[in-house]
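Protein chains in written order, with our numbering: chain A, 1 to 217; chain B, 1001 to 1121.
It is worth saying that the hints were derived from the structure and are not from the lab.
One or more of the hints may lead you astray.
[Unchecked claim] Okay, the calculated beta carbon distance ranges per label pair: (1) B:P1054 with A:A24: 36 to 44 Å; (2) A:T3 with B:A1112: 37 to 45 Å; (3) A:L29 with B:A1112: 23 to 31 Å; (4) B:D1008 with A:R141: 36 to 44 Å; (5) A:S94 with B:D1008: 20 to 28 Å; (6) B:A1063 with A:Q110: 41 to 49 Å; (7) B:R1114 with A:A184: 22 to 30 Å; (8) A:R154 with B:D1057: 39 to 47 Å; (9) B:R1040 with A:A207: 43 to 51 Å; (10) B:E1101 with A:A24: 26 to 34 Å; (11) B:A1060 with A:L97: 24 to 32 Å; (12) B:S1115 with A:P61: 39 to 47 Å; (13) B:A1060 with A:A162: 35 to 43 Å; (14) B:A1063 with A:T3: 20 to 28 Å.
[Unchecked claim] If you want the ones that stay clear, here's a sample from chain A, every Cβ over 12 Å from chain B, calculated: (15) D11; (16) D26; (17) A28; (18) A32; (19) A62; (20) G93; (21) R105; (22) S135; (23) E153; (24) R154; (25) F177; (26) L209; (27) A213.
Every residue, glycine too, gets a C-beta built ideally from N, C-alpha and C.
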Amino acid sequence: MTTRSLLVVGDPPLCAAVAAALAAEDVALIPATAAAEARLIAEIEGPAGLIASASALAAEPAALAAALKCCGGIGACLAFETGDEEAGARSRGSFELVRSAAALREWAAQLPSRGRGEELGLDPVAAVRAAYGASLPDKARSLAALAAAAAAERADPERIAAVRRLAHRLRGSAGTFGYREFGALAAEIDDALAEEGGEGRWQVIEAALLRLARWSS
Amino acid sequence: MLLVDDDDEIRTLGAIVLRKVGGWAVRVAASGAEALELVRAERPDLILLDVRMPEMDGPATLALLRARPETSATPVIFLTAESGAGELEADRDREVLGVIEKPFEPLGLAAAIRSLLSRSG
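Okay, chain A solo, but in the shape it has when bound (with noise of 0.2 Å):
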């Protein structure tokens, strides 16, 4: 038998409940507390289904919705165990609503043997590398604007503190994601940007802002 991934959207209390409830069938759950990072999940990973709480369907029906259809439309609101029954009924939209630990069992029993994501081949790390990679020119307009504000205003630590957080975001992330020159970019403004005083720096900041134009486009 194939184990079916379910993203479950809600507060710890509740990812525990589904968790006891499908305890016993071969499902694997990836919780997720907020909504915008449940969709950004179903859109990556594209699991067999998607359990939200009426409360986080009532916050985000938008977001959910969405994270839904990336579940090939397949959803179960729960009721229980939050007991706020009247508002899932209200908000649950094309979710279907589950009253009880046994509807929910047999609710995950009618999922379909395979998810979105196993049907399509979908690689998740390939996905979110390639959303990376299209992010990369506006992070590096971001950090050359932040960059060309902080030499503008040298004695500003404000705006050195906000260039040495992108930068240093950046120096941890570009690299993992597989674009190390930019990587070593972004840590080369941030170690020269760590060092107290000196107009040095401002020289490799300068020099920094040249290179980064070339992953601005």
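Given the structure of chain A, go ahead and fit chain B onto it with the hints provided.
Chain B only, in chain A's frame:
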């Protein structure tokens, strides 16, 4: 396992590879405060914790985790984009299981974690 990182792209990629390659059940948190809230309801058997985060950084989060009985002994691995062996030595002194440097090879992350876990016995 709980993955704590303020970078949403690292969180997403990390959670995917840890689930798919490592076989772990993964929860994610975007900040130290979110991690501390999450461990009230769940007991992760391992925490992967970014070092530099706004407001509450990794070491500050670790200190608060260690002060709680339920997470006082939970293994913690630091994730860091910082350079320099001195800092890594200091991290060891803070009783973490080890340090994984960013950038990391996504498909090798699970193996790096398992190596640190086996080294700790």
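Subject >> Enumerated hints in conflict with the structure, sorted upward >> reply: Numbers 2, 4, 8, 10, 11, 13, 14, 15, 17, 18, 22 and 25 - these are the hints that the structure violates, sorted from lowest upward.
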